[in-house]
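> The chain contents come next:
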Amino acid sequence: MSKCYKLIKITSFLILLSFTFIPMAFAVQDSESGIWSSFQESLSPRLDINLRGAYYYKDSHFKPNDFHLSGNATAQFTRDLFKGIVLNVYPRVNFDTLYTKGTRLLVEDGEDRPAFTLYEAIFSWYGDSIEIEVGKKVYSWKVADGFSPVDIINPVDIIELMDPEKIGVPSISILKIFEHANIQMVFLPFFVPDRQPDDQSRWTSDDPEGRAAFISRFGVAPVNVDVGRALPKDDFDKMAFASRISTSTLFTGWDLAFVYKYGYSTRGVIRNDINPFTLPLVLQTTEYPAYNLYGFSFSTVSGDFEYHGEAAFHDTRDNVKDEDYISYIVGINYTNYDLFTNYFDEIRFVAEYAGEDIIKKRSAGSSFSDLGVSRGLTENSIGSIEFKINEDHSIKTSFIYNFANEDSMLDMYVESQLNDYLEIVYGYQRLSGDEASFLGQWDRNDRVFLRMSLKF
Amino acid sequence: MFIRIFLMIMAVCMWVSPIMAEELTGKSIIEEQQKRHQSDNEFSDVALTLINRKGKEKNQNMVIYLLKKDGKSKTLIQYHAPANIRGVGLLTWEQDKKKEDDQWLYMSASRSTKRIAGGSKKNQFMGTDMAFEDMRPENTDVHEYTLIEESSIFSKKCWKIESIPTTKKEIKDSGYGKRIMWIDQSNYFTLKIDYFDHHDRHIKTSVFEDIRPMTGKLFRSFKVTWSRIRQKTHTVMIYKKIDLDTVHKVVTFTQNYMKRPVK
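First to last, the sequence lines map onto chains A and B. Count along the first sequence from 1, then add 47; that gives the number in this note's numbering. Count along the second sequence from 1, then add 23; that gives the number in this note's numbering.
Worth double-checking, as some hints may not be accurate.
What the hints assert, rightly or not - Rough simulated footprint, nothing fancy, chain A against chain B, three-plus residues with beta-carbon under 8 Å:
no., stretch
1, 122–132
2, 147–157
As the list claims (entries may be wrong) - Derived DSS-like pairs: lysine-lysine, alpha-carbon spacing no greater than 27 Å straight-line:
no., chain 1, residue 1, chain 2, residue 2
3, A, K223, B, K272
4, A, K213, B, K137
5, B, K246, B, K179
6, B, K263, B, K91
7, A, K130, B, K272
8, B, K255, A, K435
9, A, K443, B, K145
10, B, K121, B, K137
11, A, K443, B, K95
12, B, K95, A, K223
13, B, K246, B, K50
Source of the hints: derived by calculation from the structure; they are not laboratory data. Ideal Cβ placement from N, Cα and C applies to all residues, glycine included.
Work out the full structure: start from the sequences and follow the hints.
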């Protein structure tokens, strides 16, 4: 009976899309006047609607919810104010069947995804050699494709671990442009942590390593109790700060960047309070240790290949709570236009290697451990192959493989731009490996998925 | 009467002799063309219509900024419509002849900027019938130009010139083994180009129409049609505006500028 119900839900979702979403996209395309004509001149409005549906066809260890639907609608308004100041506002409505709650406009430090928020809201002033941006913003400092150790300003929503999305942060950014380099300084007065998977969701982590260590020590499996989060106080003297020096002209043909950050770990670590009288209960509090980060990235091309790399040294201020480590990634991009030209316009290859070296472990006897969703890319190859059939359709496969633990993730999907407004992505994702490994712990989360994106 | 005829002949000879004194070659024509029609600053607002083999049309809108400084050009192309590619940008910095040009592609959806390898310049740009290399300034150092004949096209007297890449690098990177250009004798403006691949197959044609004088001897085409022969597809570019007077700031041709929200 439950399987029939799931089938009815999926079928209803597809019918709903067929009678509303898709015809709306084609209707807008064919319309001559459009629905935004009265606002365009003053506010330059835009609208993006994203919908994600996933069917997990295996039961998980936790509360199963085999079909999950989520999405968001983000508007954009741009207004020239005075003295060259521009205001860009992106109000967003989030919706899903499980996690969305409440309203948080500027500081999204709640555990739940807000139903209504400002994705970004930025006052910008652009001069000839200086740019100032104040407000809630999403930054991008990455050069790699799969994973970025230096893209460290924004926290990430990983409620659905395989569909991560950056969270905007209130900030003040000053970019100074020199002849051969740019310097960007970002001040972050409010701490915003990552949004973690719910402890009863498919993506919650069992922390395989910690679990094994506990069993080894006490001879019994732990029963973890989530006590909550200990967020850093938003004091002025604890403001986070990040800076980036970048150049594309100092060495012709090379993009180089140096990154520094002082702040608090947005992912956090777990403090495990174990009382021998209440075993196997483990009271777990998420804390966010302070750290310095020193990073470097490069990108260059030679012939038909693009080469890139990033590395960052994470220097924790209190080694009781967290480790010091270097994480890095190197990779190449190559696009071929001569293979199977009867079928494909181009075939694009991306191959990367991501690794991590621990410089200093936690102090002996530390009661802290990593979140199970942290730092899984320790010795991994990451790659993708995209077969571009034409400008509107492509087939893509991407993978992550860990050499040490032999756990892996494989994605295969099709991207189709149906018209100027509507794109759909549909495919299949498989996770495999030992249950004690980073990706293998979620091997019950294989899924088929469909994403739709409507842009006006 | 004989004196009048003599004086007329002398006048004609005096008018013609400077041109005849300098031998007309393919390269000299192209160089004169560049001298006349290159601009140090340029802004274009372009409406594109992409027509597939079934006749179905897709419309796009982009702006093109050009700045020439110290003998090298910088170009920024930004899409303003349709919504799915709004904000996508291509930034090109021309480098010395022996070096690869710097090119970056900004994807607005992911807010990421990637360097593009040089081997991609023969690839079609954003689904149009233009290749990346079609949007770069003519590089006379890596091509050989041969004046084939005087010809006529679109009722205009032209020079028909063949252009062949000469360096190993250009032969490898370019999608064209040969181009045949028709250049208007009255204003040195290109009216049509046929493109041939490295097997001497005719693969593409571009036609330049609605040619208008701008300043001095400088002309611009306000309608360009690109057609790929085998695919039977066309791209029509209508230039809604061309501005050669505004001096662009260097900051416009940076990766940071591409990241600014597009209205």
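> With reference to the structure, classify each hint as holding or not holding.
Do the hints match the structure? See the list:
1. Counting residues of the stretch 122–132 of chain B whose beta-carbon sits less than 8 Å from any beta-carbon of chain A gives 3, enough to reach three: the coverage restraint holds.
2. Taking a C-beta to C-beta cut-off of 8 Å, the stretch 147–157 of chain B contributes 3 residues in contact with chain A, enough for the three needed, and the coverage statement holds.
3. Between K223(A) and K272(B) the alpha-carbon distance is near 15 Å, which keeps this suggested pair within the 27 Å criterion.
4. Between K213(A) and K137(B) the CA atoms are separated by roughly 19 Å; this keeps the pair inside 27 Å, and the hint holds.
5. Straight-line distance between C-alpha atoms of K246(B) and K179(B) comes to about 17 Å, which keeps the hinted pair within the 27 Å bound.
6. As the CA atoms of K263(B) and K91(B) are separated by approximately 22 Å, the hinted pair is consistent with the 27 Å bound.
7. Between the alpha carbons of K130(A) and K272(B) the distance comes to roughly 18 Å, so the proposed pair stays at or under 27 Å and holds.
8. Restraint check: the Cα-Cα separation between K255(B) and K435(A) comes to about 19 Å, which is no more than 27 Å; the hinted pair holds.
9. Using a Cα cut-off of 27 Å, the hinted pair K443(A) and K145(B) holds, with the two alpha carbons roughly 23 Å apart.
10. For the proposed pair K121(B) and K137(B), the alpha carbon gap of about 22 Å is at most 27 Å, so the pair holds.
11. Distance restraint check for K443(A) and K95(B): the Cα-Cα separation of roughly 38 Å exceeds the 27 Å cut-off, and the hinted pair is therefore not satisfied.
12. Annotation: proposed proximity of K95(B) to K223(A) holds, straight-line Cα distance about 24 Å (limit 27 Å).
13. For the hint linking K246(B) to K50(B), the alpha-carbon distance of about 26 Å falls within 27 Å, and the restraint holds.
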